[in-house]
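**Q** Here is what each chain is made of, one letter per residue.
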Amino acid sequence: MLRKTSFVILILVVFTLPACAATNKTMYQQQVRAAEVGFRVYETVADQAAAKAAGLVKQSRTRRLVDTEKDTLRKIQGLAKALGSYKDLHNAYLGIVEFARKAQKNSVATDQEKKDAIVMAEVNRLKIEAMTQNLLKVASILGIETMPLR
Amino acid sequence: MLVLAPGVPDSIVKPVRLGLALIHAIRDSEPDKDVDLKKFEITQEFEDKLRQHGVTSEEIEEALRN
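Chains A and B, in that order, give the protein sequences. Per this note's numbering, the first sequence runs over residues 1 to 150. Per this note's numbering, the second sequence runs over residues 1 to 66.
Possibly wrong hints are sitting among the right ones.
Taking lysine-lysine and the DSS-like style, the derived pairs with C-alpha atoms no more than 30 Å apart in a straight line are [claimed, not checked]: (1) A:LYS58 x B:LYS39; (2) B:LYS38 x A:LYS87; (3) B:LYS33 x A:LYS114; (4) A:LYS81 x A:LYS25; (5) A:LYS105 x A:LYS52; (6) A:LYS105 x B:LYS38; (7) A:LYS87 x A:LYS105; (8) A:LYS87 x A:LYS70; (9) A:LYS81 x B:LYS38; (10) B:LYS39 x A:LYS105; (11) A:LYS114 x A:LYS127; (12) A:LYS127 x B:LYS39; (13) B:LYS33 x A:LYS81.
If we take Cβ atoms under 7 Å as the criterion, some of the chain A residues that face chain B in the derived model are [stated by the list, open to error]: (14) VAL66; (15) LYS70; (16) PHE99.
In short, the hints are calculated from the structure, not lab data. Model, not experiment: these values are computed from the prediction. Glycine included, every Cβ here is placed at the ideal spot set by N, Cα and C.
Same shape as in the complex, but just chain A (with noise of 0.2 Å):
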C-alpha cells in the first residue's frame, strides 16, 4: 500500500511540477522571442527603408524622379510614419512584458494579479506580433527584403 501510495505522488511530482513550472516560461520566452524579433523587423525595415530612400534622394540631385519613383518615396514616408507608431508600442510592449515578469516573484502581489499580468502580457505579444507581420506585409510591398525570423 505504502508502496502505490509513494508511487502515485512520484508520477504526480514529476509530471505535474515541470508541467506547471513549463507554462509561465514557455509565455515569457514566447513574449520575449516576439520582443527580439519587433527589434530586427523594426531595424532591418527602417534601415533599408532609409537606404532606398537615400538612394532615390540622391538621383533626385542628378536628375529629376520619375512619377514611380516619387510614388516609392511617398510609400516610405508612409512607412516611416508606422514604424515611429510601431517603436512607441513595442517599447510600451517590453515594459509590460517587464511587469508581468516581475508580478511573477512579488510575493505580495495576488495569484488573481499575477494572472491578469500573464493575461495583459499575452493580448499586447499578440498585438505586437500581429504589428510586426503587417510591418513585413508593407516592407515586401516596397521590395524590402528582410531576414528569415523563424
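Given the coordinates of chain A, work out where chain B should sit on it, guided by the hints.
**A** For chain B alone, coordinates are given in the frame of chain A:
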C-alpha cells in the same frame, strides 16, 4: 541530497531520487533566467536612420516637389 527516515526501503528511495533528478534535469535544461529586455528597446527614429544614410526627411520632401 535526498534524506529519508532510516528504514525506508530502497524500492521507495530509488524512484523518489530518480524523480528528483528528473526535475532538476528539466529545470537545468531550461534555466529560468530573466532576459535583459533593454537590449530589444528601439532607440533609433527613422530620421536617425535617414541621417546615417546621408539624407534628411526635408530632402525627401524636396525630391518630391521637384
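**Q** Of the hints given before, which are not true for this structure?
**A** As far as the earlier hints go, 1, 4, 5, 13, 14, 16 are violated by this structure, in ascending order.
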